[in-house]
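Taking the hints as your guide, dock the two standalone chains into a single complex.
Residue-level listing of the chains:
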Amino acid sequence: MPATSHVSPQAGDPLLLVGTMKGAFVLRSDASRKNWEVGGPYFPGRAIYAMAYDPRDGRNRLWAAVNSSYWGSYLSTTNDFGSTWTEPETYGVKFPEDAENSVKQIWQIVPGNAAEPNTLYCGIEPAALFRSDDAGETWLLVKGLYDHPHRPQWQPGGGGLCLHTILPDPANKERMHIAISTGGVYRTDDGGKTWEARNKGVRAQFLPPEQRYPEFGQCVHKIVSHPSNPKRLFLQNHWGLYRSDDGGDSWQDIANGVPSDFGFALEVDHNDPNTAYIIPLESDEFRCTPEAKLRVYRTRNAGESWEPLTNGLPQENAFETVLRDGMAGDNRESAGLYFGTRNGKLFGTKDGGESWSAIMEGLPAVVCVKTAVA
Amino acid sequence: MLPPRFAGCESTDNGPLTITYICMVTFNIAGFLADFTNGLSEIPVGSSPTTVGEALHELWQLHIGLRDRVVNEQGQLRTHVNIFVDGENIRRKQLLDTPISGGSEITILPSVSGGTPP
Chain Y
1 MPATSHVSPQ AGDPLLLVGT MKGAFVLRSD ASRKNWEVGG PYFPGRAIYA
51 MAYDPRDGRN RLWAAVNSSY WGSYLSTTND FGSTWTEPET YGVKFPEDAE
101 NSVKQIWQIV PGNAAEPNTL YCGIEPAALF RSDDAGETWL LVKGLYDHPH
151 RPQWQPGGGG LCLHTILPDP ANKERMHIAI STGGVYRTDD GGKTWEARNK
201 GVRAQFLPPE QRYPEFGQCV HKIVSHPSNP KRLFLQNHWG LYRSDDGGDS
251 WQDIANGVPS DFGFALEVDH NDPNTAYIIP LESDEFRCTP EAKLRVYRTR
301 NAGESWEPLT NGLPQENAFE TVLRDGMAGD NRESAGLYFG TRNGKLFGTK
351 DGGESWSAIM EGLPAVVCVK TAVA
Chain S
1 MLPPRFAGCE STDNGPLTIT YICMVTFNIA GFLADFTNGL SEIPVGSSPT
51 TVGEALHELW QLHIGLRDRV VNEQGQLRTH VNIFVDGENI RRKQLLDTPI
101 SGGSEITILP SVSGGTPP
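Chains as they are written, first to last, in this note's numbering: chain Y, 1 to 374; chain S, 1 to 118.
Please keep in mind that the hints were generated in silico from the structure rather than gathered at the bench.
Think of the CB as a built atom: it goes at the ideal place given N, C-alpha and C, for glycine as much as any other residue.
Careful, some of the hints might be misleading.
Claimed, not checked - Some chain S residues near chain Y, calculated using beta-carbon distances under 7 Å:
no., residue
1, I64
2, G65
3, D68
4, R69
5, N72
6, E73
7, Q74
8, H80
9, P110
10, G114
11, T116
Said to hold, decoys possible - DEER-style ranges, computed between Cβ atoms:
no., chain 1, residue 1, chain 2, residue 2, range
12, Y, F286, S, W60, 44 to 50 Å
13, Y, T194, S, P118, 43 to 49 Å
14, S, G114, Y, Q205, 30 to 36 Å
15, S, G87, Y, G92, 32 to 38 Å
16, Y, G312, S, Q76, 47 to 53 Å
17, S, L62, Y, D133, 27 to 33 Å
18, Y, K200, S, H80, 39 to 45 Å
19, S, G114, Y, E196, 38 to 44 Å
20, Y, G92, S, R92, 31 to 37 Å
21, Y, G362, S, L40, 35 to 41 Å
22, Y, E97, S, L62, 19 to 25 Å
23, S, L95, Y, F286, 37 to 43 Å
Just chain S, same shape as in the assembly (with noise of 0.2 Å):
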């Protein structure tokens, strides 16, 4: 049994007193974002990130053609750009500093506000 802050991790038992997790979790990438990323949808980062913001950071090493168009240059998520950890909205928690634990999904999405007047 996973202490509850490991859960939806991986752990290997190193032997007496050592226990190693691998906390895991997902970018669901769609769109026009997918053209950053050589097509994938769906992309693990596994350095056991704690928030949002630790998980991005990861996965602009994965794929830095991504960063610039969801957040800004001072690290701010862009003003019609979604992020939903496990379907919730980080506007509505903590934005960036918003916590994850192993096995959460992200899904990145352009939001209904943006988009080219008619």
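Next comes chain Y alone, as it looks inside the complex (with noise of 0.2 Å):
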């Protein structure tokens, strides 16, 4: 096994969380966010799709979802940035013996609202929520999704039926968007006990023309909300881009002027909800970005228009391709955003997209970005 190094954050260091198909990197930097110290490779083999930090209560937590395809799936923590993991003897995330199921990957898991310090949520495949309230010490099924009458009709997409997205609002602790591939988005607005599916207006282009706008179904790659104005969302579908101003209840295409309408990466600037990343691909059957240009497109307006960003990032050549998971911003005033690619590369901004430089290259396939602030 590779030799790991381990990273000594500081009280506000940022640090970049990054899940690869084989093993989980945490990176660190200072304020100037130049140069980045890296602690890994963690898991060696294992496939992180899902890392999370969990500050609340004044933890300095990380988690990382390890999947193994011979040994199964479990959550792990660190509370030391990285130098111990946990492994438990018991995996905590299982279906109860009734539920006649069981956990196949884990693929999200986060914080739940700051006013239930001690809640998080995990998504797995086969699609389904599972809730902790002590501090991640014991998982429950959220039978309320779980039992949708919708769920018998969920499609797997290519990366299998995953519940791969979860949204709680910082503004209401009983409100909580979550995605779905393929099934949509839904939405709970009474913390977990029923769910409505929340896709007017998103296509559906793998169906006949005349059932292209289903209330469920649609292959959703990816959303993301507004911090401090949670009704505001984006979505990158199977084809299709969107946003929401009215917290997911329609959605309006915002395609306008991007190569392509597919793709999986979107990100959200933290400071500004008018301000998003994508990373296009190309069909859905290259999954490529166009013309060999690893271009990020970032609009101002709220998806009015879109412009590329390329000063830094390779324009010839380029065939990369970025997951739903694979970008992710800080909440700095001149707004860092990082993604990391299926070959390995790994690139940072810190001045909101205007130039990129690569922080790391030879990782395996990137699955997973996340920030945080030691």
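Below is the structure:
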């Protein structure tokens, strides 16, 4: 196994949590965000589709979803930024016996609303949501979603039938959005007891023309909401790019001037709800950056128009793919944005995308990038 | 001479009409899984299990950390884990219902089909 290095962040240091198909990495920098120290690889050989940082209640806890094709999926934590990780004797996220189902992969781990500092959520394949109210010690299946009458009609997308995105509403602990491929967006307004599909206006291009706007069943690749204006959401679909201004009640097509409205990665500027970033891919068959140019597209007017950001990114022979959790922004005044590719390259900007630089190359395929502040 | 179904078992003659048979089976554990057996690679279990499933249930009592790694929450053998009884893969037999006899050796191994894609 490769030698493992560690980082020792100081309070306030920016962190990058990078999950790959063959392990996890924790990167730290200082306020300049210029140079990054690398910790890892952790869990070599395991696919780390989800990572998260939980600073609530005085914790400095990193989470990793550890997926092994041999030994199953479990959650691991570290309270020292990666030097030591937990290896639980028994797995916490699992279906009850009467659910007649088994966890195939953990896709998402997310701290809950700040008002519930011991609550976390976990999304898995096959599509289901789990909740912990004791800081991750124990987990329970969210039955309100699992028993939803739509569930038997959800279908697996290319990545399987996964619940891949969880967005607790920072302003309302009873509200949360989740996204399922292929099921669509669902929202609860009562803390998870009941859920309603929220896909009005979102296209399902893989259905016959007269069925292309169903109540549910869209292949939603990613949704993001703005931290201080959570009714503002963006959605990257399996063909289609959308914005909602009403908490997902309706969606408007905003694929204005992008080279492709197919893609996965999506992020919103934490300081500006009108600014969002995407990395379009060419077609569902090819799934690489159009024209072999690695371009991040930015809107500053909530999707009325988009501009390519290329300074510092390869513009020749760049057959890159950035997946649904492969891009994340920080909350600094001069926005930092980071993304990792299937070809193992990690790029970053600290000026809102005006200029980019390579942070790492030669990583295993990147499937998850998250930001945090130590 | 022991009856065939007790081959490999130890017998104790407790007097007229009563013979106790103790049928040990031994698990062979290697590699990553030994992290959950305190490093033990040979683990005998001895309350006369008659199937692989029963033997595993005893194994879990001794080393609970093996359970979720070998079977899923519905008790089914994980897709890329194989179990051999005296050299025979239980996927070609009756899976966890495969019968075992005293003296059986049960080996748990990751399958050639698993692992992370290149």
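Evaluated hints:
Taken as an interface hint, I64/S checks out: its beta carbon lies about 6 Å from the nearest beta carbon of chain Y, inside 7 Å. Among the interface hints, the one on G65/S holds; its C-beta lies about 4 Å from the nearest C-beta in chain Y, closer than the 7 Å criterion. Interface hint at D68/S: satisfied, since its Cβ lies 4 Å from the closest Cβ of chain Y, which is below the 7 Å cut-off. Below 7 Å, beta-carbon pairs count as interface contacts, and R69/S has one with chain Y at about 4 Å; its hint therefore holds.
Because the beta carbon of N72/S sits about 4 Å from the nearest beta carbon in chain Y, less than 7 Å, this interface hint is met. The restraint placing E73/S at the interface with chain Y holds, with a minimum CB-CB distance near 4 Å, inside the 7 Å limit. The criterion of a C-beta within 7 Å of any C-beta in chain Y is met by Q74/S, whose closest approach is roughly 5 Å, and the hint holds. This hint holds: H80/S has a C-beta 5 Å from the nearest C-beta of chain Y, less than the 7 Å allowed.
The restraint placing P110/S at the interface with chain Y holds, with a minimum CB-CB distance near 5 Å, inside the 7 Å limit. Below 7 Å, beta-carbon pairs count as interface contacts, and G114/S has one with chain Y at about 4 Å; its hint therefore holds. For the restraint placing T116/S at the interface with chain Y, the shortest Cβ-Cβ distance is roughly 5 Å, inside the 7 Å limit, so the hint holds. For the pair F286/Y and W60/S, the supplied restraint of 44 to 50 Å holds, since their beta-carbon distance comes to about 47 Å.
Judged by the Cβ atoms, the range 43 to 49 Å given for T194/Y and P118/S holds: they are separated by roughly 44 Å. Restraint check, G114/S to Q205/Y: a C-beta distance of roughly 35 Å satisfies the suggested window 30 to 36 Å. Taking the beta carbon of each, G87/S and G92/Y are about 36 Å apart, inside 32 to 38 Å as hinted. Roughly 49 Å separates the CB atoms of G312/Y and Q76/S, a value that falls within the hinted 47 to 53 Å.
A C-beta distance of roughly 32 Å is found between L62/S and D133/Y, which places it inside the suggested range of 27 to 33 Å. Against the hinted window of 39 to 45 Å, the Cβ-Cβ separation of K200/Y and H80/S comes to about 41 Å, which satisfies the hint. Against the hinted window of 38 to 44 Å, the Cβ-Cβ separation of G114/S and E196/Y comes to about 39 Å, which satisfies the hint. Between G92/Y and R92/S the C-beta distance comes to about 34 Å, which sits within the given range of 31 to 37 Å.
A hinted range of 35 to 41 Å holds for the C-beta pair G362/Y and L40/S, which are about 38 Å apart. A beta carbon spacing of about 23 Å between E97/Y and L62/S agrees with the range 19 to 25 Å that was offered as a hint. Take L95/S and F286/Y: their Cβ atoms lie about 41 Å apart, and the range 37 to 43 Å holds.
In terms of the numbered hints stated before, the structure departs from none.
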